[in-house]
Amino acid sequence: MGISENNVFVADDFYKQAKIVCDQIDEINAKNVLELAPGKLATLNYLAKENTKVNFYGIDLPNGQFKTKTSVPNIKLNYGDYHNLSNYPNDSMDLIYIIEALCHAHNKERVIAECFRVLKKGGRFIVIDGYFNEDVAMKLVTKSMMVTDKQQEYHTFCNLLEKKKFKILHSIDYSKNILPSLRRLENTARRFVKYPKLAKFITLVAGDIVTANAAAGYLMPACVEEGLFEYRYTLSQKI
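Following this note's numbering from start to finish, the sequence shown increments by one per residue and tops out at 394.
No lab work stands behind these hints: they were computed from the structure.
Idealized CB from N, CA, C, for every residue including glycine.
Be a bit skeptical, because a hint or two may be false.
[Claimed, not checked] Ranges of calculated distance between the beta carbons of each label pair, as one might list FRET restraints:
#: 1; residue 1: H310; residue 2: D178; range: 20 to 30 Å
#: 2; residue 1: E317; residue 2: N245; range: 13 to 23 Å
#: 3; residue 1: S241; residue 2: D167; range: 29 to 39 Å
#: 4; residue 1: K231; residue 2: K174; range: 18 to 28 Å
I would like the entire structure built from these sequences, with the hints used as guidance.
Set out below in structure tokens:
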């Protein structure tokens, strides 16, 4: 999701999350950084090239878009589930971050506990993700976005962080800033709805996830504008 300024989308908006992480790497002089669920490695590749003396690590599920082969020398990748970070020793990371993927966790408390274990004392945990403020919106959109409806409220997430002894240092609501990106998705979804025969064919070929994504694209702008959904950056620290 792009984070835009002045209600206008530009291509660089997709790098805002990476720049947020980069600022924290600089601030704490991080040497070992782990991304959970890096997918196609867009953020990891950007950060590794910007910070050549930092060791970057990534863990994600197999059989998807994530591959463990990389030509970037300061990136090391593993297949695995972020509910279990046993590949990484206690107190081994300076910074852990996850972008738009904690929403898929079936047990967020376990993920947070694993991050706490792996982080060094004083290490930082960055989460950039979406949260729902109303049950109706949650039920509608979680099904279309293929995400869990468990523990998806922001206050619940913050309570889990504090329960696991993280101190929240900073929180920014970027909900309005993602509207330009969401409107782009809405336009795509509108075309999908406008041509039902084509939509049916695409669904048969590519599967239900395409239809689900179109539904999410159609619903999300309205959810943000009505305050039913928020997109937040949360920075916390192991104490």
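How the hints compare with the structure:
{"no.": "1", "hint": "H310 with D178: 20 to 30 Å", "verdict": "holds, 26 Å"}
{"no.": "2", "hint": "E317 with N245: 13 to 23 Å", "verdict": "holds, 21 Å"}
{"no.": "3", "hint": "S241 with D167: 29 to 39 Å", "verdict": "holds, 37 Å"}
{"no.": "4", "hint": "K231 with K174: 18 to 28 Å", "verdict": "holds, 23 Å"}
The structure agrees with every numbered hint stated previously.
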